[in-house]
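Trainee: The chain contents come next:
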Amino acid sequence: MANLAAVVGIGQTKYMTKRLDVSIAGLVREAAVNALQDADLTWDDIDAVILGKAPDMFEGVIMPETYLTDALGCNGKPMLRVHTAGSVGGSTALVAASHVQSGMFKRVLTVSFEKQSESNAMWALSNPQPFSTHLNAGAGGYFAPIIREYMRRSNAPYDVGIKVAVKDRLHGARNPLAHLQKPDITMQEVEESFMLWDPIRFLEACPSSDGACAMIIANEELADKASKKPAWIRGVAMRSEPTMYAGRDEVNPQAGRDCAADVYKQAGITNPRKDLDCAEVYVPFSWYEPMWLENLGFAPEGEGWKLTMEGATSLDEGGDIPWNCSGGVLSSNAIGASGMIRFAEAARQVRGDAGDHQVEGAKLALGHAYGGGAQFYAMWVVGSEKP
Amino acid sequence: MKEIAIVGFQQSDSVSDAGAVNEVEMIMPVLSRVFQQVGINNAQDVGFVCSGSCDYLQGAAFAFVAGVDALGAVPPIKESHVEMDAAWALYESILKIRMGHADSALIYGFGKSSPGELPIVMSQQLDPYYLAPLWVDSISLAALQARLMLDQGLITEGDMAEVVSRSRRNAMNNPHAQLAGDVAPDDVLAQEMYLSPLRKADICPVSDGASAMIIATVEKAKEWGMPYAIISGIDHCIETHNLGMRDLTDSVSTRTAAKRAGMDAGKVDVAELYAPFSHQEIILTRALGLADDTLINPSGGVLAGNLMMASGLSRIGEVFNRIVSGEVQCGIAHATSGPCLQHNLVTVLEKA
Amino acid sequence: MSEEQEVVTVVKAPVYLKYNFTAGAAPARFLAQIKKGVLTGQRCPKCSAVYVPPRGSCGGCGVATEEEVVLSNKATVQSFTIVYIPIPNNPIQPPYIIANVVPDGANVSFIHLMSECVNEDVHIGARVEAVWKPKEEWAFAMDNIRYYRPIDEPNVPVDQIGKLPVTGLEG
Amino acid sequence: MSQPEVLNQAFELGYTYTRSTGPVIGRFLTELRNRNIVGIKASDGRVVVPPMEYDPNTAEALSEFVEVGQQGEIVSFAWVKEPREAHPMDVPFAWAMIKLDGADVPMIHCVAAVSEDAVATGARVQAVWADETIGYITDIRCFELV
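Residue numbers (the numbering used here), protein chains in the order written: chain P, 1 to 387; chain S, 1 to 352; chain V, 1 to 171; chain W, 1 to 146.
Read the hints as simulated data drawn from the structure, not as lab findings. A hint or two may mislead.
[Said to hold, decoys possible] Derived lysine-lysine pairs resembling DSSO-like cross-links, with alpha carbons at most 30 Å apart: (1) S:K200 to V:K18; (2) S:K2 to P:K106; (3) V:K18 to W:K81; (4) S:K259 to P:K106; (5) S:K259 to P:K265; (6) P:K106 to S:K200; (7) S:K200 to W:K41; (8) P:K265 to S:K2; (9) V:K12 to W:K41; (10) V:K12 to P:K18; (11) P:K386 to S:K2; (12) P:K18 to V:K18; (13) P:K14 to V:K18.
[Said to hold, decoys possible] Quick list of simulated restraints, FRET-style, between CB atoms: (14) S:N173 to P:E385: 54 to 62 Å; (15) S:K200 to V:S48: 47 to 55 Å; (16) V:E116 to P:F194: 21 to 29 Å; (17) S:D45 to P:N155: 39 to 47 Å; (18) P:S193 to V:E120: 54 to 62 Å.
Even for Gly, the Cβ is constructed at its ideal location relative to N, Cα and C.
From just these sequences and the hints, can you work out the full model?
Mentor: What follows is the structure, encoded as structure tokens:
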């Protein structure tokens, strides 16, 4: 049985296209210091640091944990660097939690970051290795056909993605840290935005952001004494599957379904839509909301889009299960941090500390991240009460 | 806290150029041997999988993703990845077992360093404003460290040559070694300087290969019925990145990690130290306070072959092998990452 | 303010690393065949699935694929996208279609270009065939197949995509 | 089973990164462009060159700049008789840890010298500036023996 652990501090930077005023260390540091302040702690109170980032090539710094040691007050302490795919921020939060849940640490700091402006993240990786047997058409070139297959299967109307794009930007407008601030966005504006990879329009895709996110995770004894309300970790799960295998369901990947089932079981959730108060789910392309609604069991297969269209996932429409109240990845995408932001925003909700994007009385929230070819998953459920 | 048992370890040969093999082709043979050793089918039979690798070694982003193709990860598995070295993947796996979310784990590390110019590649792990733009390679940094020790009279070139000689001779009993032979210290000293004060022999070779380990709770190890060794302690520690602010002649973080791992210097039959340069073995031996009768790097250590991202895990595996063979009762293994031993991990192993 | 007095806030850091890349055994075998104008896959000894392009293992089973299988030039569209942005370093101009195609005889799809088609007519389940570059241009490269184009054959039912034998619809 | 050929090909993985410096590194590089060298005072009073943003021992942000000399003393060195293509010099040279006058912590840079014998621990060196300084660490082209 895992030891109890809780989030006792959260720090983020403002997300924006270019943070030209800080070094890489300065960016990471800012989130970490914000988390320490939030928890009313100092560097001496931290027993270990768990850093998440992937891949190194976005900043061109190999194993950046070695250079970031001093910015993170880690000299003389354990520093563990997590390097999974797009799910890295979520994986990192889970590894950080495991430091405490294993009983081996009392209180740890976890940080993840992205300084995409140092490179051009999408194309920094586009220089193909020789003898590459795959055409490189960017992330959208990979995901758009999968979205198209979802549309075929579900018979969803063409504007579901448009609706999500608007909804998440309206959420983002409530969150001062969100990169995109579009309080006046309309369905028409999204529909008329440039088509990138049909059916993905420009405004249905996430932006490129610089930013960092940090959390402090403590054991039960310290969390009980925390200066602010802790977010208790009620379940943690991760799953991976190969990029490609015969019969793989890319639209509704088994790894996502299994991961959700695992985390729900730990948290005592039998009906996620009813039992959870909100969710922060990794949705980099708008259509992934209905797809993940089904994958995560909020709706039966083929019907996720109905929740979206009914407004069930919208804070502004008073939906019963708001998704991505922070604005989600569609409003801020600091890639290496995006997963951790989901986890942290879920924790903010159950701490009652989410400002204008707070879901009234949220007691139980899901944080979700995925990566690679939708094959790596990390999830946690956090609650306002101890399990 | 749950006791952790190592039940299996396998490594590939260290080769200077693995040639036409990609990541998955490099990993699969080692995994299939470790599965066979423990008597299981694939990664489905363990509770967690964690690996260590570095994209920049072969120059491909997310190279580790291909590694999943070697696991048999259908149905999906619990899996994670680190850089540093797979020794830290072991650490992450132990956390997972101790929190009760797995009863066993597969850990593997792999590196194909031959395609690039490794010492130059590693220069890009340095401070990106002050050092990386100068392209200070990893061998040169180690040479600065060695000179500090020589100048301060902490070591002699003869001491360094002794380390190399012992490595080459020990490696003659290591079928996976890349460099082995009956080399006397004087033979080493007769070599010309390569990057003064280092000779080529003072520097570990560039190697391709992989290694893999399976760990479990003691209950699970007993269920499998395999001989096992106990990890009685494991800890790691990092130091400042500023080389000028560290005492490079010592390894404070290694000592800290060893202390926190519960190492008792008087009770170490064997020590496998991840020392990519001969003088670093001396630094580590002293930092750990190892006694004269401790057998140091009987495998030849990484001077005999350095599988970047797997060598740290392999050190632990080498000690495991000696414990389960009955050769020794207890030992320690050390892993490192970062320039001039910045980041160090110490594992204490005991006979079950 | 003169340039001299401005504070440095941004620097350019060139990080260029050279590698001598060696293809893996499975890709090398695949590329050697495609250089001869033959599209091949590799079969999993455990589950019999045929992978193209082969990467060295069956991801599902985690075992090496050894047996080489010659695949058909004909294939089925599993899904696709119409791309409106250029691919860096690629001469092809948008809009263009990239499709996930499954060659007859294989069980997984790969992404490739489609051409000689009306973009709006492309659909899931459509039958296509490989159009090869002239023989003298063949290299160790996937793009020896210049693109896929539609052929006049009945659609493949969705539940049959990825399951056709090398003989295609007739099989 | 067809025989795999060994397919080799050279390729370059590269990108010119745009690095924002933040105020501390920016100040140092600005001074370099003006052919000055500044360090920063650590919490224990030691002067660190190049200036670190954060103190390794207390983790505090550092901000007290100190101008240091352009001459200093070699604390350690390594003789590169076969420079690599990426190295800043294409003839044999030394990497050195150099404690500049007024600094307490050595920095790493390259030292031009005719031969290894000419270099020694304790030797005095002086910064040699690039013809054009742009606000980058390579504005110090190298150090040379005094």
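Trainee: State for each hint whether it applies.
Mentor: Here is what the structure says about each hint:
| no. | hint | verdict |
| --- | --- | --- |
| 1 | S:K200 to V:K18 | holds, 22 Å |
| 2 | S:K2 to P:K106 | holds, 17 Å |
| 3 | V:K18 to W:K81 | holds, 21 Å |
| 4 | S:K259 to P:K106 | holds, 18 Å |
| 5 | S:K259 to P:K265 | violated, 39 Å |
| 6 | P:K106 to S:K200 | violated, 45 Å |
| 7 | S:K200 to W:K41 | violated, 39 Å |
| 8 | P:K265 to S:K2 | holds, 23 Å |
| 9 | V:K12 to W:K41 | holds, 27 Å |
| 10 | V:K12 to P:K18 | holds, 15 Å |
| 11 | P:K386 to S:K2 | holds, 24 Å |
| 12 | P:K18 to V:K18 | holds, 29 Å |
| 13 | P:K14 to V:K18 | violated, 36 Å |
| 14 | S:N173 to P:E385: 54 to 62 Å | holds, 59 Å |
| 15 | S:K200 to V:S48: 47 to 55 Å | holds, 50 Å |
| 16 | V:E116 to P:F194: 21 to 29 Å | holds, 26 Å |
| 17 | S:D45 to P:N155: 39 to 47 Å | holds, 41 Å |
| 18 | P:S193 to V:E120: 54 to 62 Å | violated, 20 Å |
Of the numbered hints listed earlier, those contradicted by the structure are 5, 6, 7, 13 and 18.
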